[in-house]
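Enquirer: Listed below are the residues making up each chain.
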Amino acid sequence: MAAPSPVPTPRRTARDLRVGETGTICCLEDPVMALRLLDMGCVPGVTVRLSGRAPFGDPLMLVLGDEEYTLSLRGSEAATILLKD
Amino acid sequence: MAEAWTTAAAAAVGPGAPEASARPMRIALIGNPNSGKTSLFNQLTGLNQKVGNFPGVTVDRKSGWAQLTPARRAEIVDLPGTYSLYPKSLDERVITDLLYDPSSTSYPDFVVVTVDASNLRRSLLLFSQLADLGLPAILALNMTDVAARHGVHIDLGALEAELGVPVVPMNARSGSGVAALKIVMAERLAAPPVRFWQPDSAVHPLVQRLRSHFQLHSDYLALHYAQQAEYLAFLSAEDRAYVQGLVQEYAFDGTAQQASETIGRYARINEILLETVTVTRTEQREPVSNRIDRVLTHRVGGYLIFLAVLFLLFQAIFAWAQYPMDLIDQGIGALSGWLQNTLPPGPLTRLLTEGVLAGLGGVLIFIPQIALLFAFLAVLEETGYMARVTFLMDKLMRPFGLSGKSVVPLISGLACAVPAIMGARTIESWKDRMITIFVTPLMSCSARIPVYTVLVALVVPDERVGFFNLRGVVLMGLYLLGLLSALGSAWLLKVLLKARERSYFIMEFPVYKWPRWKNVGLTIYQKVQAFVWQAGQVIVAISVLLWGLASYGPGQRQEVAEAQARREAAVHRWTPAELGRQVASARLENSYAGSFGHALEPAIRPLGFDWKIGIALLTSFAAREVFVGTMSTIYSVGQDADMGTVQQKLRAEKGLDGQPFFTPARAFSLLVFYVFAMQCMSTLAVTYRETKSWRWPAAQLVYMTGLAYAASVFVWQIWGS
Chain S
794 MAAPSPVPTP
804 RRTARDLRVG
814 ETGTICCLED
824 PVMALRLLDM
834 GCVPGVTVRL
844 SGRAPFGDPL
854 MLVLGDEEYT
864 LSLRGSEAAT
874 ILLKD
Chain E
2 MAEAWTTAAA
12 AAVGPGAPEA
22 SARPMRIALI
32 GNPNSGKTSL
42 FNQLTGLNQK
52 VGNFPGVTVD
62 RKSGWAQLTP
72 ARRAEIVDLP
82 GTYSLYPKSL
92 DERVITDLLY
102 DPSSTSYPDF
112 VVVTVDASNL
122 RRSLLLFSQL
132 ADLGLPAILA
142 LNMTDVAARH
152 GVHIDLGALE
162 AELGVPVVPM
172 NARSGSGVAA
182 LKIVMAERLA
192 APPVRFWQPD
202 SAVHPLVQRL
212 RSHFQLHSDY
222 LALHYAQQAE
232 YLAFLSAEDR
242 AYVQGLVQEY
252 AFDGTAQQAS
262 ETIGRYARIN
272 EILLETVTVT
282 RTEQREPVSN
292 RIDRVLTHRV
302 GGYLIFLAVL
312 FLLFQAIFAW
322 AQYPMDLIDQ
332 GIGALSGWLQ
342 NTLPPGPLTR
352 LLTEGVLAGL
362 GGVLIFIPQI
372 ALLFAFLAVL
382 EETGYMARVT
392 FLMDKLMRPF
402 GLSGKSVVPL
412 ISGLACAVPA
422 IMGARTIESW
432 KDRMITIFVT
442 PLMSCSARIP
452 VYTVLVALVV
462 PDERVGFFNL
472 RGVVLMGLYL
482 LGLLSALGSA
492 WLLKVLLKAR
502 ERSYFIMEFP
512 VYKWPRWKNV
522 GLTIYQKVQA
532 FVWQAGQVIV
542 AISVLLWGLA
552 SYGPGQRQEV
562 AEAQARREAA
572 VHRWTPAELG
582 RQVASARLEN
592 SYAGSFGHAL
602 EPAIRPLGFD
612 WKIGIALLTS
622 FAAREVFVGT
632 MSTIYSVGQD
642 ADMGTVQQKL
652 RAEKGLDGQP
662 FFTPARAFSL
672 LVFYVFAMQC
682 MSTLAVTYRE
692 TKSWRWPAAQ
702 LVYMTGLAYA
712 ASVFVWQIWG
722 S
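Quick mapping for you: the protein sequence lines, in order, are chains S and E.
Residue numbers for the first sequence follow my numbering, beginning at 794 and rising by one.
Residue numbers for the second sequence follow my numbering, beginning at 2 and rising by one.
Nothing false has been slipped in among the hints.
Rough simulated footprint, nothing fancy, chain E against chain S, three-plus residues with beta-carbon under 8 angstroms:
no.: 1; segment: 827–833
no.: 2; segment: 840–849
no.: 3; segment: 862–876
Worth flagging that the hints you see were computed from the coordinates, not collected in a lab.
Please read these numbers as outputs of a predicted model, since none were measured by experiment.
Beta carbons are placed, not taken as given, at the ideal position from N, Cα and C, and that holds for glycine.
Chain S on its own, in the form it takes in the complex (with noise of 0.2 angstroms):
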């Protein structure tokens, strides 16, 4: 852990998941989005199922938990939902 290595490892996102797949929130990479994705009950350490894509890729659709509820939301606004490893 010397220098910050110049090329940031692209990081994988809640838009990165496969249809079916989960993950964990790992954390929230844009400050304003991160508000209204906590207020939404995207908090670190729930678990994330894509559930469905929109017919032309976009949006998303987000199970979160243990099949409490589904989210839609933009890929881009997906992508600002970080994964852990």
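Use these hints to put chain E onto chain S, whose structure you have.
Expert: Coordinates of chain E only, in the frame set by chain S:
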């Protein structure tokens, strides 16, 4: 804390405790979207509702009266659905304006928080914020039956102890538990003793200074002053500047503070849930809603189903609505005839029948379409399908500066722009909503149909082109022209309006449900009432004005023209009916409206129009469908003539050169004018009502009329001359 609260409450009510108890209670209803808040509001108030406006904003303020006990009545204020006390949209700002100003006369005595039991974690976020404000609260725990079916068991006693407020289980849809809730609501509630979260110690000095300056009863409220001062409408400019100064002095970072607050709250909520909720997962079955979604949002099937729904919608608005519309038309006609026969003839009777009653008819005739449209939209909304439509269409609409949520108003606009513009309220983003409202009237509404039909049949031959009828193809082209101009104008506005606000799409998919017919009925009732009262006043006023312009003329010109017509009648041996039509035509030509048509002629000559069309343009300014009626008066075919007669007259009309006046070029110039022109007082009135500014309807009028003029000039100059 409790002491400070009591003082603040007493100060708000004013001196004299007896008065305080005599004043009816005011209760605010608040909760997440889809938490059953609206159903509970309807259960509590029934038809005793009124829709007003929150001061200064376009948001409807729905309030009503509830009889809690035989002796106690309370005013219930329905607040917009929200996920937290940090507002995201204009709609949500009314919540903070209401709850953050304890000295306001409309400050509620307490709040009822509706909470979805199957989604307790997220719902409690809002509740914990409200409790920390120091507001007395009741938790209305909705959908406990759904939660139980999912294996979620809530220990109500433990929850009540943890939260420190009454918890009432209920089902807002069926109404069970509402009676118990009313009894709890009738009691005098104390402020909740439990605090869920405390601001970080670093912000304490700032919070304490704000608290003492504004005499606030809770630390958390003071923190929200620091967070939101610039949006709180009730604060004076000096107060805002004072808060801004403090925020800078203490280097307060609102975003970071809010994020850590939310995470801190969820941590506390998790502890509470561990104590109160046991989850016994029977079997991991996918919820029914998700399985329905797989069909309704399928890449092919999803669109096909959406098209089928659209088809049904059009069938309802164009076919089914026709019967009640005819009935209203006949009813108004009969009433008008009866009044003309009963009342003594004179200008007052004609004002009543041809001005007021005609205008009223123009308002009432739209009720069936508005009611059916809103019935459809309410059912789609209630079932949860609407959220899926916006999901399907979002990507397609975004290049035009619209969002998936603009689809519903645009489709509704094919029936009538008035309810369509009202339907744009679901769009959160200000920019998206304004663009949608602005372009919706470009969609060809049902009032354009009579104009299209007459003119297309006049110049387009009844021939087949392959499988299609040529007239049908032209008609479809006109509709497409409307759609394309709406999308193009939206794109133009997107470029012109610099985004001051980020557009968000994130929303919760509501679980599919059967619609509650009571909610659907109340929606229809409210929309129709709003239309009749608000748009109605303007329409009736304008029709009276137009009637005056068409009935009276400068000086003696009308009388002279009438005498001339009577002399001609003697020469040509006209029948009395023919004479009546010629007299009406002559009087109209010499009325103020006729003079206006003549005065307008130089301006509309580049479009290929003469003064007669000018009169029709003037009279159809208030409502397009008046066009055919005016044309029949001008060409003196009589009031009772059907469209075929009007067409024959128009076809026989000769220009100065002796050739037929209505050439294809001239008819198409007129057609494109009607595609684009803003000729609907109701739409302008409703745009004003929805945007709360005359700038938007004025811009609509200028832009659309300009577009119509330019398009007509283009058609006539290229084709006609």
